[in-house]
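K.L.:
So the protein lines, in turn, are chains V and P. Note that the first sequence covers residues 365 to 762 in our numbering. Note that the second sequence covers residues 7 to 179 in our numbering.
These aren't lab readings, by the way, just hints derived from the structure by calculation. C-beta: ideal position from N, C-alpha, C; glycine also. It cannot be assumed that every hint is accurate.
Unchecked claim - Pair ranges (Cβ atoms, derived):
no. : chain 1 : residue 1 : chain 2 : residue 2 : range
1   : V       : Gln469    : P       : Thr8      : 15 to 25 Å
2   : V       : Asp661    : P       : Val20     : 26 to 36 Å
3   : P       : Lys145    : V       : Glu752    : 36 to 46 Å
4   : V       : Gly625    : P       : Glu64     : 54 to 64 Å
5   : P       : Thr23     : V       : Ala381    : 23 to 33 Å
6   : V       : Thr719    : P       : Lys145    : 35 to 45 Å
7   : P       : Gly65     : V       : Arg644    : 56 to 66 Å
8   : V       : Ala626    : P       : Gln58     : 27 to 37 Å
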Amino acid sequence: MPAADGWRVGGAVDTEAARLARTMEEAAATVPAGATVRLSLPVSAVLMERMRLPSADREELGGMVVLQLEKTLPYSGEETTSGFNIIRQEENECDLLAIAVSNEQLNGLCLPLRSRRKQPNQVTVFALQLAAKFSREEVLALIYREADATILAVAQKGRLVAAHACPATDREGFLAELPRMLLAAELEGAPVNFTKVAVERELAGWLDGVREQFGDVPVERVSIDGPLEPGPVNLVPAGWTQEQRQEARKAKVRDWLALAGAIYLFFLLAAAAYIIWRQRQVGAIDGQVMAAAPAVDTIAARKARWMALEAATDPTRYPVEILQQINKSIPSADLHVTIFDQTPSQFMVEGEAPTAGMAVQYMDALRANPDLNAFHFESGPPEILPNEHAHFRIFGKL
Amino acid sequence: MTLSPREKVLAMAVGGTVIVLLNLLLLSAFARRNSALRAELADRRAEWATMQELLGEEGLWAARDAALTAKQPGLTNENAAEVELLDMVRALAKKHEVTMENPVFGGVVRSPSYRSVPVSLDTHSTWPNLIGFLYELQKPDQFIVCETANIQVDPGDPTKILGHFKIARWYAP
Numbered sequence: 365m366p367a368a369d370g371w372r373v374g375g376a377v378d379t380e381a382a383r384l385a386r387t388m389e390e391a392a393a394t395v396p397a398g399a400t401v402r403l404s405l406p407v408s409a410v411l412m413e414r415m416r417l418p419s420a421d422r423e424e425l426g427g428m429v430v431l432q433l434e435k436t437l438p439y440s441g442e443e444t445t446s447g448f449n450i451i452r453q454e455e456n457e458c459d460l461l462a463i464a465v466s467n468e469q470l471n472g473l474c475l476p477l478r479s480r481r482k483q484p485n486q487v488t489v490f491a492l493q494l495a496a497k498f499s500r501e502e503v504l505a506l507i508y509r510e511a512d513a514t515i516l517a518v519a520q521k522g523r524l525v526a527a528h529a530c531p532a533t534d535r536e537g538f539l540a541e542l543p544r545m546l547l548a549a550e551l552e553g554a555p556v557n558f559t560k561v562a563v564e565r566e567l568a569g570w571l572d573g574v575r576e577q578f579g580d581v582p583v584e585r586v587s588i589d590g591p592l593e594p595g596p597v598n599l600v601p602a603g604w605t606q607e608q609r610q611e612a613r614k615a616k617v618r619d620w621l622a623l624a625g626a627i628y629l630f631f632l633l634a635a636a637a638y639i640i641w642r643q644r645q646v647g648a649i650d651g652q653v654m655a656a657a658p659a660v661d662t663i664a665a666r667k668a669r670w671m672a673l674e675a676a677t678d679p680t681r682y683p684v685e686i687l688q689q690i691n692k693s694i695p696s697a698d699l700h701v702t703i704f705d706q707t708p709s710q711f712m713v714e715g716e717a718p719t720a721g722m723a724v725q726y727m728d729a730l731r732a733n734p735d736l737n738a739f740h741f742e743s744g745p746p747e748i749l750p751n752e753h754a755h756f757r758i759f760g761k762l
Numbered sequence: 007m008t009l010s011p012r013e014k015v016l017a018m019a020v021g022g023t024v025i026v027l028l029n030l031l032l033l034s035a036f037a038r039r040n041s042a043l044r045a046e047l048a049d050r051r052a053e054w055a056t057m058q059e060l061l062g063e064e065g066l067w068a069a070r071d072a073a074l075t076a077k078q079p080g081l082t083n084e085n086a087a088e089v090e091l092l093d094m095v096r097a098l099a100k101k102h103e104v105t106m107e108n109p110v111f112g113g114v115v116r117s118p119s120y121r122s123v124p125v126s127l128d129t130h131s132t133w134p135n136l137i138g139f140l141y142e143l144q145k146p147d148q149f150i151v152c153e154t155a156n157i158q159v160d161p162g163d164p165t166k167i168l169g170h171f172k173i174a175r176w177y178a179p
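Same shape as in the complex, but just chain V (with noise of 0.2 Å):
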C-alpha cells in the first residue's frame, strides 16, 4: 500500500502491524517468500475516468471502457490494463469509473517484486480500497496522504467516484489547491454535496483549514491503517497471468524433471551397487580359493603323481588285461584279431572279420565294453578285401 512517503508492506490481519519501506526494493525484500502479494497502487500511478455507458453485462461494458480509454489515452489498448467500478446502475445507462495504469510504468514499478518471484496476483488502487470502508456515507471527502501527494477522494456509498492527486504536501499549499480540485471533480460529473469530510489522523493540524473550506459539513478525523478488502478492480496486466501461468508450469516441469532425475540417480546407484556386488562376489570367491589353493595344490600333485603311475598300478591298463576284454568282445570266432599294439597313450588293434557287419558290430562291442571306458574308441571303415573279407582298424585312445 502506498504510505505518505514510500510503501507500508504487511498489516493485512488485526493482529499484523504494517511495515514502512522507503522503496519498492525495500518492501520487496520484507516480503516473505511464498506469501501471496497484493498491491495498491497510489492515485498518481493509475488514470481514472468517470464514463457513462449504456447498460450492459460486465465484459461488453469492460470492451466499451477499452474503446472509450483508447481515445483519450496515449497508448493503446495493449499497453494499458484497465478495469472499471460501477458507481451507478440503471435500466439503460450506467456511472462507472474506468481506471487504467500503463503496463510499462506497473512493470517498472513491480521489477524488484517480480525479480524476487513475488509477482502481486492482485494490483488495485489504494483510493478505491479506501473508499470501501466508508459505505455508509452518502456523499464522502477523504483527504490523505500518499505517494509524495495529497488525495482527495470523492465515495459515494463507498464507491469511489474522483480522486484528485495535489502534488502539495503542506497544509497551506493543499488548501490552496482544494477548491481547484473540487471544482474538478465536480465537472467530472461527481457529486460535491458532501456528507462529511474525513481527513487522515496524521493530518490533524489541517482540520481548521479544512472546515473553512467545506464550510457546515462535518469534518472528522480518520485512521486508514488497518485491514483493506481487495476491491473492485484488478489491473493485473494479462502478460504477468499468462508468465505466471508459465512459471506454473516451469515449476511444474522441474519438478517432473527433479523426479526423472532423481530416478535416473536411482538406477545409476542401483547399477553401480549391482557391479559393486558381484565383483564382491568374485572378490569372495577368489578368496576362498586363494585361502584353499595351497590344499589344493597338496592333492593335485598326490593325484597327478598317482595317474602318472596308473600304467604300473592300474590292472586294467596292462596289456594283458586289454587283451583279454579285446577277445570278450570279439562276436564271432570267424573273427581275428592279427595285431595289437599298446603305447602309454592308447592302443590299437587289427583284425579282419568275415563281413564288413561284424567287423562294425566288434568296434561297438569295443565301445560298449565298461572295462574299457577309459578308452574313446575311433575307426575307420572297414577295408573289403579281395576275398570278401572285412580288414578293421580301431584305435582306443586314453
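Assemble chain P onto chain V, guided by the hints.
P.N.:
Just chain P now, with coordinates in the frame of chain V:
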C-alpha cells in the same frame, strides 16, 4: 543472453541427443561389465567346485600317495636294476615257454613321478603261453610297466605269436 524459441528447440534436441548417447554408452559399458563379471563368476564357481571336489577326496589321495611312497621301489644302482629286471623277465619267459630274443637295455629315463629302467625285447610263443607270461609279469606292487607292446600273429606260423615289448620298472624319482 536469451535464446530464441528455435535456438531453444535446437539446444534441447542437441542436449537430448547427447544425453541419449551418453546413456547408451553407460548402458553398453554396464552390459559389458556385467557380462564379464557373470562369466568371471561362473569360471570362479566352477573352479571352486572342482577344488571342493578335490578337497573332499583329500583322504583318498593322501592314502594313495602314502601307498605309493610305501610301495614304489627306490633305485640304488641303475646298472644292477637293468640286469635284475632282465633276469626276472628271462626267468618268467622260461617258465612260460616264451622264447625271448634281442634284449636291449634302454638306460634310465627320468620323469617327475618315476625313474624308468626299461628293457626292449622280442618274444615268440603260443598265444596261451604269452598270456601266462604277461599275466605273471605285471602286478600292482611290482611297478613293472609295458611301456610299448606290439603283438601279432606270426605270418610263417599262424599258431605262434610274435611280440615286441618295452618292459620297464618304475622306481621312485
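K.L.:
Does each hint fit the structure? Answer for all of them.
P.N.:
How the hints compare with the structure:
Checked against the given bound of 15 to 25 Å, the beta carbons of glutamine 469 (chain V) and threonine 8 (chain P), roughly 23 Å apart, stay inside it. A C-beta distance of roughly 59 Å is found between aspartate 661 (chain V) and valine 20 (chain P), which places it outside the suggested range of 26 to 36 Å. Distance hint check for lysine 145 (chain P) and glutamate 752 (chain V): the Cβ-Cβ separation is about 44 Å, which falls inside the suggested range of 36 to 46 Å. The supplied range of 54 to 64 Å is met by glycine 625 (chain V) and glutamate 64 (chain P), whose beta-carbon atoms lie about 56 Å from each other.
Distance hint for threonine 23 (chain P) and alanine 381 (chain V): a CB-CB separation of about 57 Å, inconsistent with the stated range 23 to 33 Å. Roughly 40 Å separates the CB atoms of threonine 719 (chain V) and lysine 145 (chain P), a value that falls within the hinted 35 to 45 Å. Checked against the hint of 56 to 66 Å, the C-beta distance between glycine 65 (chain P) and arginine 644 (chain V) comes to roughly 33 Å, which is inconsistent with it. Look at alanine 626 (chain V) against glutamine 58 (chain P): about 44 Å separates their beta carbons, and that is not inside 27 to 37 Å.
Taken one by one, the earlier hints fail for this structure at numbers 2, 5, 7 and 8, listed in ascending order.
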